[in-house]
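2 protein chains.
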Amino acid sequence: MFASEVYTSRRLTLLAKMAEKGAKGLAIFLGNVESPMNYWDNCYKFRQDSNFLYFWGIDEPLFAATLDLESGEECIYGNDVDIDDIIWMGPQDSVAVKAASVGVANSRPYSDFAKAVAAARAKGREIHFLPAARHYTQMTLASILGLAPEEVVTAGKKGCAKASDALVRSVIGMRLVRDSLEIAEIDKACDLGYEMHTVARQGVKVGTVEQEIVGRMEGTTMCKGWGPSFATILTQHGEIFHCHSHEAVIEPGKLLVIDAGAESNVHYASDFTRTYPTAGKYTSQQRDIYQIVYECNELAFEFVRPGVRYRDVHLAVARHMLDSLSQLGLVKGDLDTMLAEGIAGLFMPHGLGHNMGMDVHDMEDLGENLVGYDDDQTRSPQLGLGSLRMARTLVPGNVLTDEPGIYFIPDLIESWKKDGVDKGMVNYEKLKEYYTFGGIRLEDDVLVTEDGARRLGSKRLPIAPDEVEAAMAAE
Amino acid sequence: MFASEVYTSRRLTLLAKMAEKGAKGLAIFLGNVESPMNYWDNCYKFRQDSNFLYFWGIDEPLFAATLDLESGEECIYGNDVDIDDIIWMGPQDSVAVKAASVGVANSRPYSDFAKAVAAARAKGREIHFLPAARHYTQMTLASILGLAPEEVVTAGKKGCAKASDALVRSVIGMRLVRDSLEIAEIDKACDLGYEMHTVARQGVKVGTVEQEIVGRMEGTTMCKGWGPSFATILTQHGEIFHCHSHEAVIEPGKLLVIDAGAESNVHYASDFTRTYPTAGKYTSQQRDIYQIVYECNELAFEFVRPGVRYRDVHLAVARHMLDSLSQLGLVKGDLDTMLAEGIAGLFMPHGLGHNMGMDVHDMEDLGENLVGYDDDQTRSPQLGLGSLRMARTLVPGNVLTDEPGIYFIPDLIESWKKDGVDKGMVNYEKLKEYYTFGGIRLEDDVLVTEDGARRLGSKRLPIAPDEVEAAMAAE
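Protein chains in written order, with the numbering used here: chain A, 1241 to 1715; chain B, 1241 to 1715.
Pulled out of the complex, with its shape left as it was, chain A reads as follows:
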């Protein structure tokens, strides 16, 4: 938790932004409750709602808050403990003390939150809410607001129609620009991610079960941080993006994609990907593709500076990728035509990167397009570019990932071939040599600075192919 002034100042900024937009009424914030794992009292590790945490700081379940956009009155809702709670959870500060610790003067019992919203609705006041990011919040907000559960969540990439556009845009505007306190926390999360990936790289040995490396990595994050910032991806099937099965034994000659990050104790994320040769040396085929992905990663970083659109960085990377793949004979034709036709999407069917902050895909619950696109940008329908989560014009304080990848996905290749999607620009014959290749992704976390960019964390994980092989040989 930061000092109380941080939260007070954020709420004042929010009030000012809402006033600029002419918004009146009551802004409401519902914190998370415990999330049951297999029964009501056996819960996953508590994670507070990021927006609640950002404005109200209290990192505990069953809290809510209201901010009156006209009077500026703030109130935190939560329950004080009784003797039974003390036996199970120990002595606790009162809700009033907790509220004061984040600069809030008023506090009331939790059940008064619904009453406060009902009273404001009865007076015809507008209620500003953010889309719910969990089932409890969905169910509770729907009930309090008299809406259907599907009306209070983000549907698809466009956001939630019934949520407050003014509040959503104000929050996005604030959270997209990280201040120095936040950047220091992201650096910490990155340093922990570095440790996590180092433990992982040291564990890459033929014969090891993937799960053992995952256990050691995730254990590392919990020793000093909150835990993993998302479910670790560690797979010899890099062509499957969200492969969460870890039963396989590490075999020689494969590529192992490790995409993982840590969340700091105050809830800022890191997110790195490296791709290792399972037996310590890349084959010549692997090295050719690796070199392209590595160059794409470096190229993207060189492009990042204020005023540049990240969509254009994605396209510059796609262009370099196509150029290099054409030198390998995998694609053929005019470079601009290939780029315009989205041929790169066959090899990289995801975007170059996403915003990262308190959430690893920051604020994704508020609507991908609102978070990642300027008002004058429209999302491409193409495979790859269409998956780009961050397309905006960069400003200092933005934090994003730089994560190009090349994958050979047999089902996708066959589907393009069958449908002629490539318009003759893909060499399917040559591609057959790559059907068991898997995939390569290389990801760093980048801060947009006043005059350029900085890779986050104090050290960069080995990434150049020689550097990776040397690190593995030394371990």
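If you are wondering where the hints come from, they were derived from the structure by calculation, not from laboratory data. Worth double-checking, as some hints may not be accurate.
Pairs involving identical chains hold if they fit within one copy or between any two copies, as the list cannot separate such chains.
Unchecked claim - In silico DSBU-like cross-links for lysine-lysine, where the CA-CA straight-line distance does not exceed 30 angstroms: (1) K1670 - K1398; (2) K1464 - K1285; (3) K1397 - K1355; (4) K1445 - K1663.
Being a predicted model, the structure only gives us computed values, none of them experimental.
Chain A is fixed; fit chain B onto it per the hints.
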């Protein structure tokens, strides 16, 4: 996952039990979906609903099942994947193949589940459902069944009034008696729990931050199993039962309570507690109390056999505890009177143990009293005995925890003193020497066998005080 015959046989047994109870209509089972952590697509590690897993085996999100109690017809509901899913999740077996792998001949799309329930309701057929254990299940069942969300969950210890009593009792009857396959899995979970606690004990060093040990322990569970079976308790404040804060640095002269267990990859739990002297040697005051708790643990194990009520084992332990505490001068008076008045509850305000199986508190979502009490037993209102989760007459195949503890909780002691709860049987003056003591708990997992009991797992963690000190000295 077990062989398909296991699940087929369980469903046949369930059908027979429901028929015995005269139940007709449709039994419905709603599996879990992914549980969002900070936004909809960043989820906690998937954990299937235990009852779904027990009868239908499929360990993946977004499945449901129906069992027609009259025709015996079974159906599994789930969605087949498309090319977008394949890019992100890899090629998948069809729902039909997955259904066949657990012995089910029929499968349909997920959305047909709600339709099947609606069709049965429209015909006036009875719908048998189990109480929901998560918010999504609560919201979805309520909507499908036309009930309020609070009507489909277990409220307090009595269970859920609208859920099917026949189904709840049938499931409890089956899951309370573990077969050899299940016991083998629990043994595995216990062996992993042994490793987890060994790593922990080796990490107990003055100056270490508690969180570092927790990280190493939980990492250990993920290397070979699903993960921790519940949030690890590791605290120098053993008097706070569910202390999940791990920021403290280990100080000399304290007691460190570690209560943690592992869940195997096929979802069976272990649960052990040990209490270590932070600097490697118990003080004389600590050793006196430790010896009592140790004797209570051993005594309970000796009592466990078929035909014995676990409530009586709890009382035998409470009696020995009071007898020993009176020798230390902490309580005074006639032993039977102290026992009847529940004086032991001041020192052990929890029950001696609980059922353990797929859930660490097995089936708690179905209602504590139905799971843990015979029909002719009523739950005591006393502190301690009233928290006993397992009071039943033991039968072979029961798996339970044996976890006596002694705690000195200043707020609780002061509250008893103020209200005269002890009727003069507590020596408050002497108790003042224990206000910074903390607490001790010692827990093993026990299987009721045909002729007695067996501690689960291949090895028992060091527990006798000399044995603990020797293990710590060797590390």
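Comparing the hints with the structure gives:
| no. | hint | in the structure |
| --- | --- | --- |
| 1 | K1670 - K1398 | neither (39 angstroms within a copy, 66 angstroms between copies) |
| 2 | K1464 - K1285 | both (15 angstroms within a copy, 20 angstroms between copies) |
| 3 | K1397 - K1355 | between (32 angstroms within a copy, 28 angstroms between copies) |
| 4 | K1445 - K1663 | neither (42 angstroms within a copy, 66 angstroms between copies) |
Going through the hint list in order, the structure does not satisfy hints 1 and 4.
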